[in-house]
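Since the structure of chain A is already known, use the hints to place chain U on it.
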Amino acid sequence: MALTLLRGMRTPVSLRSNTGLFFNVLRPRLSHFTTRAESAQATEPKAVPKSIQLATKEAAEQNTQGFEAIIGIETHVQLSTVTKAFCSCPYDYGSQPNSTVCPTCMGHPGTLPVLNERVVECAVKLGLALNCEISMTSKFDRKQYFYPDLPKGYQISQFDIPIAKKGYVDLDLPVEFGGGHRKFGITRVHMEEDAGKLLHSESGSYSQVDLNRAGVPLLEIVSEPDMRTGIEAAEYGAELQRIVRYLGVSNGNMQEGSLRCDVNVSVRPVGQSEFGTKVEIKNMNSFSEINRAIDYEISRQIMLHKEGQADQIVQETRLWDESSQKTFTMRKKEGLVNYRYFPEPDLPEVVLTTDYIDEISKSMPELPEAKRRRYENMGLSMQDVLFLANDDNVAHFFDSTLEYGADAKLACNWIMSDIAAYLKNEKLSIHETKLTPLELSELIASIKNGTISGKIGKEILFELIAKGGTVKGVIEEKDLVQIADPAAIEAMVDKVIADNPKQLEEYRAGKTKLQGFFAGQVMKASKGKANPVLLNKILGEKLNAK
Amino acid sequence: MPPPLQAHRLLISHRRLPTPARRRLTAVSSLQSAPATTLAPGPATSSILSIRESLLSGERTAANITSDYLSRLRRTEPSLRSFIHVADAAAEREAEELDRRIASGEKDAVGPLAGVLVGVKDNLCTKNMPSTGGSRILDGYRPAYDATAVRRLREAGAIVVGKTNLDEFGMGSTTEGSAFQVTTNPWDDSRVPGGSSGGSASAVSARQCVVSLGSDTGGSVRQPASFCGVVGLKPTYGRVSRFGLMAYASSLDVVGCFGSSVFDTATILSVVAGHDKMDSTSSSQDVPDYTSELVSLDLLESKPLNGLRIGIIQETLGEGVDTGVVSSIKGAASYLEQLGSVVDEVSLPSFSLGLPAYYILASSEASSNLSRYDGIRYGRQVSANDLNEIYGESRANGLGHEVKMRILMGTYALSAGYYDAYYKRAQQVRTLVKESFKDALEKYDILISPAAPSAAYKIGEKINDPLAMYAGDIMTVNVNLAGLPALVVPCGFVEGGPVGLPVGLQMIGSPFSEGSLLRVGHIFEQTLQNFSFVPPLLAER
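Chains as they are written, first to last, in full-length UniProt numbering: chain A, 1 to 546; chain U, 1 to 541.
Next comes chain A alone, as it looks inside the complex (with noise of 0.2 Å):
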């Protein structure tokens, strides 16, 4: 119940005021909770999947005195397929509330789950890439609860054979905390079916629901108690957020709600074998808030056992709050919550068979640990690697260019500096842009061999990044090609001498400073395109000529 709350809580405001014909009106106060969540939404940080905006370093690895922390993620993924798990409504997040609906997802008497074979290619896929076994039959099992956002009462989920599970996923922590190699299990992967949203009302008088995400397909993905620092978490979650969107299985937008993770905290002394009271952590929006909510909680944990008051730490669900940078109790656990599983009478087995894995194990794309370890290969650095690793659009950007011929490091140089800077600020993806591959290694090609200066080649970069065309193209156009004929330099720098007599004695009296003086003037004749080593060479040889 609490969980959907939260899903509530997500809703973005522009939906909260538009109220559609179709939903029934509920009068419960439920509305509680939406002030902080709406804070928390004010303040949450545009995603930047790399990015991890933590604080400090030192922020990260807090004094711990003694106690560690015991960290293990559960995380929601939202599938982009074309139509939702079990009926063929599409779902369009923030569109019209009710608007992607029919009897099925909304539980309307009769009505059957038809199971979206896209959904156990995704799963499937995942559990690859996450190096899990295949189970090659599972089925569909019943989670019972009520709640206004699960039409039926049940939401259809795996529970005791979920279709992919004992994985592994490996990952590099960014320099700037300290780096290093991780491997995190994964216990399970499952199916299961997303539940609607609740639209509480400003008075909280009563509340709507909107059941356009009722059905939308999601993968559970839940690790083992693994991690112990929230940046390991946060980088857990950053990776799988990685590995959907290289899969193409979701977008994995925190924002929206395509990635969604629970975190749960425990804490012990060192050296003590049996885990210590979990708390579970909701509503982070972020990477850096899941980092930072983590890292808080543990804190709040350890400070608990060293005054004595271990037994205040209880099995609850709290939440983070971004506002105060604390969590909050929720929610207590009263005992076992009783779902009451049984195996979903309607839906048949799902049955694989090792040619559909095959098939499916051959169209996988080259994942992030892999591209990680090829950079790292090739001798770039491991600031370097993460970058391009990051995001699989800049790192297939990247590969095609070396296909074109160019030089890894500056093919990365390229990307990481000039073009990074401006797909921050235009707030572009890489594949966004008018640069091809193609034009990237023409363009490194070109400063290669002397065609244009490096200076040239930024100017020819944001051409070509903002209107597009070819660096050829730009070169002529724009005649910008290097002048690298001494002759032509030799009549330039003799212009320049004899224009500026006064400054040629003085230089001659051993303000020899005064060669850039010459040089800058010379370009400024060139229009920027004189081969500066050939004219400073040149420059220098009539100034020091008697």
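Any given hint might turn out to be false.
Below are the DSS-like pairs computed for lysine-lysine, each with C-alpha atoms no more than 27 Å apart in a straight line [stated by the list, open to error]:
hint, chain 1, residue 1, chain 2, residue 2
1, A, LYS139, U, LYS424
2, A, LYS165, U, LYS438
3, A, LYS143, U, LYS424
4, A, LYS495, A, LYS467
5, A, LYS165, A, LYS278
6, U, LYS303, A, LYS139
7, A, LYS326, A, LYS362
8, A, LYS524, A, LYS472
9, A, LYS424, A, LYS467
10, U, LYS458, A, LYS139
11, A, LYS455, A, LYS495
12, A, LYS524, A, LYS511
13, A, LYS306, A, LYS165
14, A, LYS478, A, LYS502
15, A, LYS409, A, LYS434
16, A, LYS143, U, LYS404
17, A, LYS455, A, LYS362
18, A, LYS458, A, LYS542
19, U, LYS107, A, LYS139
20, U, LYS443, U, LYS462
21, A, LYS448, A, LYS427
22, A, LYS165, A, LYS434
23, A, LYS143, U, LYS438
24, A, LYS478, A, LYS511
Computed far set for chain U versus chain A, every beta-carbon distance over 10 Å [to be verified]:
hint, residue
25, LEU124
26, THR411
27, SER532
To give an idea of the interface, some chain A residues facing chain U are shown, with a C-beta separation under 8 Å as derived from the structure [stated by the list, open to error]:
hint, residue
28, GLY110
29, PHE146
30, GLY153
31, ASN338
32, PRO348
33, TYR404
Since the hints were made in silico from the structure, they are not lab data.
Every residue gets a Cβ at the ideal spot worked out from N, C-alpha and C, and that includes glycine.
Chain U in isolation, oriented as in the chain A frame:
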């Protein structure tokens, strides 16, 4: 006036069947065993065929046929109360439209079910027509779509005449569990029609409609068919799409059919059966024309069932089964022998385990399936101050006693800590039941038993004794657990009511053997002499 029919007389009649020396089977007409007040004694004829013939020949109009049925419906309905909703105006309109199309010579105007009035059990969704499932919580609910079985009937030209009464959501064996009304048995208005498809059985028995759809989770088609003296078919699980059937116990539910003849029942099955992409549990096995093997009486050989191996289930004829019923079934068995088959007694050791397993599984699934009736999106919502109260009050007011009891039982059985002892154990029993049927059906082509341990009993007799009512399902639940097809055909009468009460013979076959069950049922029905299963109600004018 002959005395009410006695079971032993049936036995005698069968024994006196002419010797097999004769090439053609002739009727035994010397015994006056049929109730005198009924109409048209003799073998049941196909109403669907005769409607089709009169429409094609122009002898009668659809409007004319419809008006016949509707006037009978209006006359009998005050005492029967088979229908929760009668769509008489719509039926008349559709009939006139059909006549217009026939008159204008439209090709395909006369579909296989053109002008056939069907009654639809009210737990099957009908577009823009009330569909309540017999429950207060769905009072006024009109679905946005037709159940697949209903859609297929309509596409074949059938006219939905109304929605028939049932025990709420199919949970019951008397139709007294309806939130709206109690249906009576056309053979005796002080008795129940059986259930849960009591309205569908009663309506066909009283010829308020030609055929009807029901649903069978634990016997809900077969037992009322037996009680009302009509043919009832429970198809193999998955043979007919469940899409649009309000789920009671999803792994057991099937849509079934009622007719006043085996031929009509076979015709309906041919139309509604088949894979449906909206129901993943529906079978993609080919659907034959189930009527094609139904040979007319005059073409039958004297021993039409030669070579057929029949097992009569020992456990269904013992203690707790009405002696009249036992005699009827034994009589039917020996009659089947006379038709050329070999009948042996067969024991199904797990038979008695089926009933408790059924009630655990059905209740467990029901507790889940009925969660959607929460008053939030449709149906009755009670205004309340908090969420739990909305749920609690809406369901407390909207659901009936029996339904609540089963939800509670099912919730208990599925709860953590009890799951293994109840649900899981019941599934194991289900496997045993399946295996014992499988073994028996390797030795025998069909198995026979009563459809119910007694004939129709009095209204109110078992209403306060749920265990007695549950025990009445002993003959039928095992078949649902095993997912097998079973056909019930009227086979005789026992004493009771003004003219005797009908008894049905249940014939059980292997998965997807509906064709052979219908063939055997048809031969049995067509050759069985001296019985007319038209209730006395229809003679009273």
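Regarding the pair LYS303 of chain U and LYS139 of chain A, is the alpha-carbon distance no greater than 27 Å? With a Cα-Cα distance of about 49 Å, the restraint between LYS303 of chain U and LYS139 of chain A is violated, given a limit of 27 Å.
Within 27 Å, alpha carbon to alpha carbon, are LYS478 of chain A and LYS511 of chain A? 36 Å, violated
Verify the proposed pairing of LYS326 of chain A with LYS362 of chain A, using a straight-line Cα cut of 27 Å. 46 Å, violated
Please check whether GLY110 of chain A passes as an interface residue: C-beta within 8 Å of a C-beta belonging to chain U. Hint holds; GLY110 of chain A Cβ to chain U Cβ min 4 Å, cut 8 Å.
Hint check: is the beta carbon of ASN338 of chain A less than 8 Å from a beta carbon of chain U? Holds: closest Cβ of chain U sits about 5 Å from ASN338 of chain A, inside 8 Å.
Given the hint that LYS458 of chain U pairs with LYS139 of chain A, test it: the Cα-Cα distance must not exceed 27 Å. Roughly 45 Å separates the two Cα atoms, so the pair is violated.
Hinted pair, alpha-carbon criterion (27 Å max): LYS455 of chain A, LYS495 of chain A. Please report holds or violated. Since the Cα atoms of LYS455 of chain A and LYS495 of chain A sit roughly 24 Å apart, the hinted pair holds (cutoff 27 Å).
Agreement of LYS139 of chain A and LYS424 of chain U with the hint, judged by alpha carbon distance not exceeding 27 Å: 16 Å, holds
Non-interface label on SER532 of chain U, tested against every C-beta of chain A at 10 Å: 37 Å, holds
Take a quick look at whether LYS478 of chain A and LYS502 of chain A sit within 27 Å of each other, Cα to Cα. Since the Cα atoms of LYS478 of chain A and LYS502 of chain A sit roughly 34 Å apart, the hinted pair is violated (cutoff 27 Å).
Hinted pair LYS143 of chain A and LYS404 of chain U, Cα distance within 27 Å: 20 Å, holds
Interface exclusion of THR411 of chain U relative to chain A, criterion Cβ beyond 10 Å: Nearest chain A Cβ is 7 Å from THR411 of chain U, so the label is violated.
Of the numbered hints listed earlier, those contradicted by the structure are 2, 4, 6, 7, 10, 13, 14, 17, 18, 19, 20, 21, 22, 23, 24, 25, 26, 33.
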